[in-house]
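Hey, can you work out the whole structure from these sequences and the hints?
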Amino acid sequence: KVFRSNLQDYTNQDGYDLYDERVFPISALQALRDRIKHPESDLAGTGMPEFVEALNTFLTQERVIAEFRQARTMARQVSAEVSESINLRVPLLNQSLQELQARIDAVQPEFDKLSDIGERFREEIHRTRDRQARGIADSFKAYILDLPKTFDEDFTQYQPSNIGFLDYFSQGQREAFEKAFEKAFERYLKDKISSWVGQAEKDLEVGLQYLRTVADEYGHSYQMVTDEMTQKLTGDSFKAPNRDSEEVDVPGWAKWAMGLYSVAAGNFAGATLAMGGFDFNTIFINLIAALSVSFLASVIFGVMLGPITFALVGLGLGALQVEQGRKKFVQLTQKEFSKHLPKLAEEQWQPIYSTVTK
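Counting with the numbering used here, you get residues 313 to 670 for the letters of the sequence shown.
These aren't lab readings, by the way, just hints derived from the structure by calculation. One or more hints might be untrue.
Straight-line distance between alpha carbons at most 16 Å, and here's what the computed EDC-like set of lysine to aspartate or glutamate pairs gives [unchecked claim]: (1) K425 to E540; (2) K655 to E431; (3) K670 to D442; (4) K647 to E422; (5) K502 to D466; (6) K504 to D458; (7) K453 to E658; (8) K544 to D458; (9) K495 to D466; (10) K453 to E659; (11) K651 to D458; (12) K544 to D417; (13) K453 to D515; (14) K504 to D466; (15) K639 to E362; (16) K655 to D458; (17) K544 to E422; (18) K639 to D466; (19) K504 to D464; (20) K504 to E465; (21) K425 to E333; (22) K647 to E465; (23) K647 to D458.
As structure tokens, then:
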């Protein structure tokens, strides 16, 4: 019931509930075990047969329907544009060259208006881009600088359990201990960065939603001016065909810009035609790549390790109980981590800003 309630919005298509066809339990581990024991097994009870059947149905039937639906939508758009162009030109066929030139001269103010609309929209995009990029980069800096506040509590779940803390004081085991803690630190930093990226995605969605609204407003203003131009050129009030909805009554560039928020909100199907090849997820893939988390974790831990080792060895094994020693290790790690965070936050600000603006 929980799965159905959370997924029902995604499994309804044209009024038909696809939940039972799309959602079923599957165990890859059980399938692997069955196949190892019985190479000819049909994998019944693992969910694999149902998965393969659903995948085949989608690839051989539903995918084709989806492709044709997209082609149909594009064909309708082309038909509407061709009809509009024809209807615009027919009234002008009987006009003399002098009359046509006079009509063209009469719409020069409208051309200036269109140019102004385009320029203002570009400026709005640039302002929004810079504002969002700066805000996201600043949020990373603030987020990183706040990590020490909860480090003790957060890092506990990442500490390796298969290596005893006393191994740190054994020369033969120290290297394995350090590698295990470096891996733990890397997992901690990756999870923290991933958590921030999730928030950054929401922040960017806000900016894209704002641009969608702005594109809609400028698009309607643009369309009103072009309708005025059409009226002056043809001498009659003109209404383009198939403008039955608010979504259609905007120019193509406005639809593209409005499609940005559809992608951000997860409505990929509704934005495919408007957006062309835009891939929203690429922004965050590039963002994570720009941070180079594994490299950062390795560098930071490597620099911290010297002071931590010196401090612990200086205390001596006899001065420490195992649990106390582990806590002391975490405290020292937190202390050294805090020293390097301002530099990390400062160095990564520009790469994040540049990634978002691009």
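K651 paired with D458 [C-alpha distance capped at 16 Å]: The given pair, whose Cα atoms are some 12 Å apart, holds under the 16 Å limit.
Restraint status (C-alpha distance of K504 to E465 at most 16 Å): Holds: K504 and E465 sit about 13 Å apart, inside 16 Å.
Given pair status - E333, K425, alpha carbons within 16 Å: violated (53 Å)
Distance restraint between K504 and D466, which requires alpha-carbon spacing of 16 Å or less: holds (9 Å)
Hinted pair K647 and E465, Cα distance within 16 Å: At roughly 14 Å apart (the allowed maximum being 16 Å), E465 and K647 satisfy the hint.
Restraint status (C-alpha distance of K670 to D442 at most 16 Å): holds (10 Å)
Restraint check for K504 with D464, where alpha carbons must lie at most 16 Å apart: holds (14 Å)
16 Å Cα cutoff - pair K453, E658: Status holds; Cα separation ~7 Å.
Given hint D458 paired with K647 - CA-CA distance at most 16 Å: holds (13 Å)
Distance restraint between K495 and D466, which requires alpha-carbon spacing of 16 Å or less: Judged against 16 Å, a Cα distance of about 15 Å means the pair holds.
Distance restraint between K647 and E422, which requires alpha-carbon spacing of 16 Å or less: Given that 16 Å is the threshold and the Cα spacing comes to 65 Å, the pair is violated.
Holds or violated: K655 to E431, with C-alpha atoms at most 16 Å apart: violated (39 Å)
The structure is inconsistent with the numbered hints 2, 4, 8, 15 and 21, although it conforms to all the rest.
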